[in-house]
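Here is how the chains run, residue by residue.
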Amino acid sequence: MEFTAIYYLIPALIMFCCGVYGFITRKNMIAMLISLELMLNAVDINFVVFNRFLFPEAMEGMFFTLFAIAIAAAETALAIAIIINIFRSNKSVDVRTLNEMKF
Amino acid sequence: MESVGSIILYCVVALSMIVFSVLAVTTRKILRAATYLLFTLFAAAVMYFMLDYEFLGAVQIAVYAGGIVVLFVFSILLTSRPGDNSERLTSKSKVLGFLGALSMLGVSGWALLSRCANFSSLPAMKYLTMSDLGTALMGTGENQYLLPFEAVSVLLLACIIGGVVIARKR
Chain A
1 MEFTAIYYLI PALIMFCCGV YGFITRKNMI AMLISLELML NAVDINFVVF NRFLFPEAME
61 GMFFTLFAIA IAAAETALAI AIIINIFRSN KSVDVRTLNE MKF
Chain B
1001 MESVGSIILY CVVALSMIVF SVLAVTTRKI LRAATYLLFT LFAAAVMYFM LDYEFLGAVQ
1061 IAVYAGGIVV LFVFSILLTS RPGDNSERLT SKSKVLGFLG ALSMLGVSGW ALLSRCANFS
1121 SLPAMKYLTM SDLGTALMGT GENQYLLPFE AVSVLLLACI IGGVVIARKR
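Protein sequence lines correspond, in order, to chains A and B. Residue numbers are given in our numbering: position 10 of the first sequence equals residue 10, and the series is strictly consecutive. Residue numbers are given in our numbering: position 140 of the second sequence equals residue 1140, and the series is strictly consecutive.
Just so you know, the hints here were simulated from the structure itself, not pulled from any lab data. Hints may be right or wrong, so weigh each one.
Said to hold, decoys possible - Which residues of chain B face chain A? A few of them, derived with a C-beta cut under 10 Å, are:
(1) Met1047
(2) Phe1119
(3) Pro1148
(4) Val1165
(5) Ile1166
What you are looking at is a predicted structure, and each value in this text was computed from that prediction instead of being measured. Just so you know, even glycine gets a beta-carbon here, dropped at the ideal spot from N, CA and C.
Build the full structure now, drawing on both the sequences and the hints.
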C-alpha cells in the first residue's frame, strides 16, 4: 500500500462538503462560521498536498497555506466581534432575524 | 511500501477527520460543534506532519487550536446558554444542504479520481530547516515572501483596530 495524493485529497474533499452542508443548513451564525473554518482547512490541505506531491522542491503551496491561516485567524476574530455586537443589539445570533438591513 | 505504523496512523487520522467534520456540522449542541472542530483541526495538523511540513503543523496547532477555537468557545458562551439545543432542521433546508454537498462531492470526487489517481507516491523532499523558512520569508528575491509578510502584518493591525472599533461599548 502506497500513499498517493488521492489518499490525502479525499478526506479533505469530504471535509469541504461537510462545510458546504453546514453552511447551508445552520441558522446560528457561529455554527456557520465553524462550517466556514472547515472549508478553509480543506482548501489549505489541498494546497499543501499538491505542493508536496507535484513540486517537492518548491515551497509555494506551504507559504500560501501559512498566509491563509493568518488571514483566516484575522477574519474569524473580526467576524466574532461583529457577531457579539449583533447579539448585543438584537439578543439573538439567528440569521433569520437579521433582515432589518435588507431594505 | 509503507510501514504498518504509518498505515495505522493514516487510517486513524483520515477516519477522525471525516467523522469529526461530519459531527461538527450535524450536532445540535453548538459547544460540541466547536469541540469537534478542534479535533478536525488536530487531524489536519497531523496530516501536515505526515507530509513532512513540521512548521506548518505547529502553526496549525498554535493558531487554530490555541487561538481560533478558544475564540469560538468564548463567543459561544457569551451568546447562548449552555445546554441549549438548536432547533430541528426542516426537511427543506436538509434537502438543500444534501443537494449542495452531494453535487459538490460528486463533481470534485469524479475530477479527483479521474485526474489525480495516477500521481506518484510521496517524492523525496529536502528537509526544511528553520533558516530555509526564515530566508524565504524575509527576502525580496525570487521565491521569497517579504511583501505578503508585510501585507499580512498590516492586515492584522487593521484587524485589531477593526475589532476594537466594532466591539467597544458606545
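For each hint, the structure was consulted:
With 10 Å as the threshold, the beta carbon of Met1047 (chain B) comes within range of chain A, its nearest partner Cβ sitting at about 6 Å, so the hint holds. The interface hint given for Phe1119 (chain B) holds, since its Cβ lies 4 Å from the closest Cβ of chain A, which is under the 10 Å cut-off. Taken as an interface hint, Pro1148 (chain B) checks out: its beta carbon lies about 6 Å from the nearest beta carbon of chain A, inside 10 Å. Nearest Cβ of chain A to the Cβ of Val1165 (chain B): about 9 Å, under the 10 Å cut. The hint holds.
Annotation: interface hint on Ile1166 (chain B) holds; nearest CB of chain A at approximately 4 Å, less than 10 Å.
Hint violations for this structure: none, all hints satisfied.
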